[in-house]
Amino acid sequence: MKPESSHLKKKHISPYSTVRWVILVITLLIIMVPLIFVIGGSFKTSANLYQHPFGLSFHPTFSNYRAVIHDGGMLRALFNSIIVSVITTIAVVVIASLASFGVTFLSGWRGILPYGFLVIGLAIPAQASIIPQFVLFRELHLLNSLLGLIVINTALLAPIAVFILTSFFRKFPVGVLEASVLDGCSTMNVFRRVVLPLSRAPLSAVVILVFLGSWNDLLYPLLFIQSPVNRTLPLALIDLQGQYVTNYPVLFAGVVIASIPMLILYVVLQRQFVAGIMAGSSTG
Amino acid sequence: MATIELEGIRKRYPNGFAAVKGIDLAIAEGEFMVLVGPSGCGKTTVLRMVAGLETISEGVLRIGGQVVNNVEPQKRDIAMVFQNYALYPHMTVAENIGFSLKMKKMPKKEIESKVSNAAQILGLSESLKLKPGQLSGGQRQRVAMGRAIVREPSAFLMDEPLSNLDAKLRVQMRAEVSRIQHRVGVATVYVTHDQVEAMTMGDRVAVMKDGTIQQCEKPQSLYDYPTNMFVAAFIGSPSMNLYQAGLDEAGEFIHLGSQALRVPPAVFEKHQKLRDYRGRDIVVGIRPEYLPVATERDETTLTADVDLVEALGSELMVHFAIDAKSMTAEYAYEGEDHLAGSGSGIARVDARTAVVPGKPMVFGSDLSRWHFFDKVTEEAM
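Residue numbers (our numbering), protein chains in the order written: chain A, 1162 to 1445; chain B, 5 to 385.
Hints may contain errors.
To be verified - Simulated coverage check for chain A against chain B, where a stretch passes if three residues somewhere in it have a Cβ under 8 Å from a Cβ of chain B: (1) 1184-1194; (2) 1355-1369.
Claimed, not checked - Residues from chain B that face chain A, not an exhaustive set, calculated with beta carbons under 8 Å: (3) Ala55; (4) Met84; (5) His94; (6) Phe103; (7) Lys108; (8) Pro111.
To be verified - What follows is a list of derived Cβ distance ranges for each label pair: (9) A:Ile1244 with B:Glu156: 40 to 46 Å; (10) B:Ser61 with A:Val1429: 47 to 53 Å; (11) B:Thr204 with A:Thr1348: 35 to 41 Å; (12) A:Val1180 with B:Leu134: 26 to 32 Å; (13) A:Ile1244 with B:Ser120: 35 to 41 Å; (14) B:Thr216 with A:Arg1331: 33 to 39 Å.
The set of hints was computed from the structure by calculation and includes no laboratory data. Even glycine gets a Cβ: it sits at the ideal position worked out from N, Cα and C.
Chain B on its own, in the form it takes in the complex (with noise of 0.2 Å):
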């Protein structure tokens, strides 16, 4: 077991492009620290310089409080799930997991039982004798998981290990990759850019964007407050409404579109930087849960057209469409901001609402439950 500690790296390739611009990071023992953020964001290249598979430009990597930045990858103890798996075609499931542990010159009958334990944690026993061809999708991410936690190493990597199995098979495998991770209580670095996964199973999680940390925080700090437009429409799904904004002169009233909205003082007293922006314009962020369907307008109440509903049968997904200009932090991710027509959003109501489409609809804001953020800077209030 052994912590994890970024210095200031920075991946710079020989064509000039900067993946990695400076990333600071401690991950203590037995942590599990996911790295999410869209593709491109440098989150692989973070993971791959720690493995040693990619050299580091800048900084120091600490494992174990020793320097590893010149330490070959076989030298650094430490156990790595690929995306694509990467299993020994050529080997049974006993030799592929085994492998590792027959490279050390651990003896035969050490293997073996080794093996056959971590065979039992993962239900791979039936399976031993197969060659990865046979298995099925579920089963070759478990060899390739049982090849980790055989060597008993000082760190975990995985490298977007569920993205290749289906929707159910993945929820089931991410409860029992974590599972897994806490029984063997070993520094974990998980890299993503499902922000679902970050945020069932990370124990801090890192949103990255263009090579930097954006923000590191535990997942429930990361969703309620959130430092800037990128990780607030980021985390969360459906992602965070953002809208461009007025604040009055006097600070009474927040202007979206065309309607105004009644700023009560305690959200002044929450975001004490929002008085500075009164006659200014600011982006409002409101996360779908806290647009409750409102029975009649006044003051406090927001009215959208209903475009479409999702029923979820848990709930409902309306999309709406106010006349304000919808702000998008300027990422691409899965193709929602594509989708994010001018002024739409989402409220998550509850499945009994009777929404109609095309209609007109009143939804309650609690401003003091509403984000702020700068315009320009796009940093949180």
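Here chain A stands alone, though its shape is the one from the complex (with noise of 0.2 Å):
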């Protein structure tokens, strides 16, 4: 190509690239202007919230937080949501893992067959099975507990991670599996030594998934707790919407302290998503 023309492409604008920005601005405002609208009337009175909507507030006020705070029912829940967020991602992560490293390794029947059920217990939606699900727990005195909870969203939110984990798993260089197996790894070591080290990944967002299922969950809170001591954060800021009037404000910094765990996480798990983490296994 002549340098001329290469210039010239260079000022070209394509009418490809310009849809591209107007989507991404467009993507980008959905996204954003929620989010600053719920960040800037949490630091907001009422009355100014309702003056000044999307207006900068000279005069931050953190009384909405401690207003949140000092709500002893809040903090309870966050502690909950915490308790049932930790204790499902760890369930999920441990049977998850394992599940997968079977359904992927088991030669046969043994492999497809549990698969298979995993794959067709993904396909029916959660709200279908409700009903029985509610008797169950009835009668296995789980409702109105965290332990509940935790065992509803760890079967619900495992089969995805099986998922995610077997298609990452169906990648996995054989030949470092059968070396480690000829340097004398036991399946258990060879899992636990070779295969979950190098699926840092996809463990990771496996992790995220998961916890943002389980922290996000208000159908099942809203369903099995009646017990004010075992709300969960969504139910929690459901509560602090009054029939009438609603503080938004107030809502608006429960909402903030709610997103801070997933924030936190979020930033912590983002350095394993490391791209070439199979890097110099082989001759590649």
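Take the two lone chains, each set in its own frame, and fit them into one complex as the hints suggest.
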């Protein structure tokens, strides 16, 4: 190509890139506007919020946060949510990684059958089985307890985790596994010492997904939990909405507080998404 | 240290495909056995069965005199070097080499000394703290070797360990692997498709095709006395020229296309069976180096049209054509048979020879150096 034409090309803005930019900007606005609105609103008084919904507040107030923190129920809910989400995430990671390892590397029907069940499980919407679940949990005395939430969340989120991990394990270099077997690893050691350390990227994806799913779950706490002591954050946030009047700045402060643990999780795990984690194993 | 014995080993896959069709092989203590053959001949399957990574459909496998057909790979006390090295990317070089010892629950101090010993042999002492991703291809290959030797296993298995290295490094590592193997003195099965590797490294070489061993000999015997056309064509580079020829009724002349060459009586003494082929078609095999340049035409020379000359510095490869039908043992090896046109052949002559492409050239032919094969069975006479 001649230098002149390439120079010309640089100045030229193609319709394709224009469309791309427009879509990007719209997406950005869709995400950012509510975010700024909520974060900004959490530092305003009610009056201020109604007067200047989008305006910057030059006198930020922390009273909303104080109100949320001093509301004992809210802290209790935060604690409950952390318990449920952390234990659910650990349970899912342990169960799903072992299950995926088995499903991927067991030969014949022993691998296919359980995988088939899990995939069918994914296809059934949770709402379809809510009533039997409710009855079952009542019989098991798991209603109105955090354990019940942990059990149901684990059961609902494990199949997705198996799905993600299995697709990763299927691409795992078989030679590395065989080498570890010849090096004297038992099946459990192959899993623990070779497969798990090399699966940090998909595992952190699973951790984020499961934690988020469990953290944001409203449906099951709403169904299963009656006592205020066992409320989780989404329930507590709902309670901040009054029937007739809602103190929006306080609700916003609650929302901001509720999203902090997720933010921390993202930041911590982001480092694990390093590309090329498998680099150097083979000749590639 | 141990022997490895294979008795009637077969591998049949569930879909009915028979990858290995009955193999008998005994590898002595400290012996370097090379399995060589074109891709798909079953050589890697044999190796994987010895390792225990593949089940044995039929036959008996003994390591150190013990039947190990159903023994798990971990318990066979063998080390394997994989074609793509299969290093653990999350471990350092030292951890990679010492991993098997750690699995054996060896004390840390001992592991360290063994690893540093192995690293010294392999020239990896400087890179012990690096991860495989930071190493060059040659270094990775050596880590894979280190992982095998540090265990002091009763047998080594190597699956084309040099095939991913560049040509120069491959030659260097070839010698190094041989040296290490002799030093460690452990029975070794080495799989390759490269006949040069097979010839240079093996104490013995087993040539495989279609799941069977065609011939298992010392490299030189394999080269000098191939039992069939396949081995004859596979071993040697450039490969043997094979032509369809006719032996006349009297057994005096061999007709190679339109040319007739006198058969000296010595040839019949060497190849007794050749007498039975009087008046029949046979296949003759001529190694490229046994076609010396001759000055005059007579009853013992072969005249050919020169197509192309490749100067290698030390010698010339003369590609020529005669009007005889060239035969190819049915195998695909780096597309060589694809290139072989009708009547084409190669002669290896002295670098100072004057050769002009497009002109006829006269080669001397010492028929006692030729190989003779049955045209139908492809067996040597």
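33 to 39 Å as the expected CB spacing between Arg1331 (chain A) and Thr216 (chain B), which holds or is violated: holds (34 Å)
When the least beta-carbon distance from Pro111 (chain B) to chain A is tested against 8 Å, hint result: Nearest chain A Cβ about 16 Å off; hint violated.
Satisfaction of the Met84 (chain B) interface hint, Cβ to chain A closer than 8 Å: With Cβ-Cβ at 5 Å, under 8 Å, it holds.
Interface restraint verdict for His94 (chain B) against chain A (beta-carbon cut-off 8 Å): holds (5 Å)
Chain B over the stretch 1184-1194 of chain A, status - at least 3 residues with CB closer than 8 Å: violated (count 0)
Whether the CB-CB distance between Thr204 (chain B) and Thr1348 (chain A) falls inside 35 to 41 Å: Given about 39 Å between the Cβ atoms, the range holds.
Hint check: 8 Å Cβ-Cβ cutoff, Lys108 (chain B) to chain A: Because about 6 Å separates Lys108 (chain B) from the closest Cβ in chain A, which is inside the 8 Å limit, the hint holds.
Distance restraint hint 35 to 41 Å, applied to the beta-carbon atoms of Ile1244 (chain A) and Ser120 (chain B): Violated, at about 48 Å.
Glu156 (chain B) and Ile1244 (chain A) - C-beta distance against the hinted 40 to 46 Å: Violated, since Ile1244 (chain A) and Glu156 (chain B) (Cβ atoms, about 51 Å apart) do not stay within the stated range.
Range hint 26 to 32 Å (beta carbons of Val1180 (chain A) and Leu134 (chain B)) holds or violated: The hint (26 to 32 Å, Cβ to Cβ) is violated, given that Val1180 (chain A) and Leu134 (chain B) are roughly 47 Å apart.
8 Å C-beta test of the stretch 1355-1369 of chain A against chain B, three or more residues: Contact hint for the stretch 1355-1369 of chain A vs chain B: holds, 3 residues under 8 Å.
Interface hint for Phe103 (chain B), Cβ within 8 Å of any Cβ on chain A: holds (5 Å)
The structure is inconsistent with the numbered hints 1, 8, 9, 12, 13, although it conforms to all the rest.
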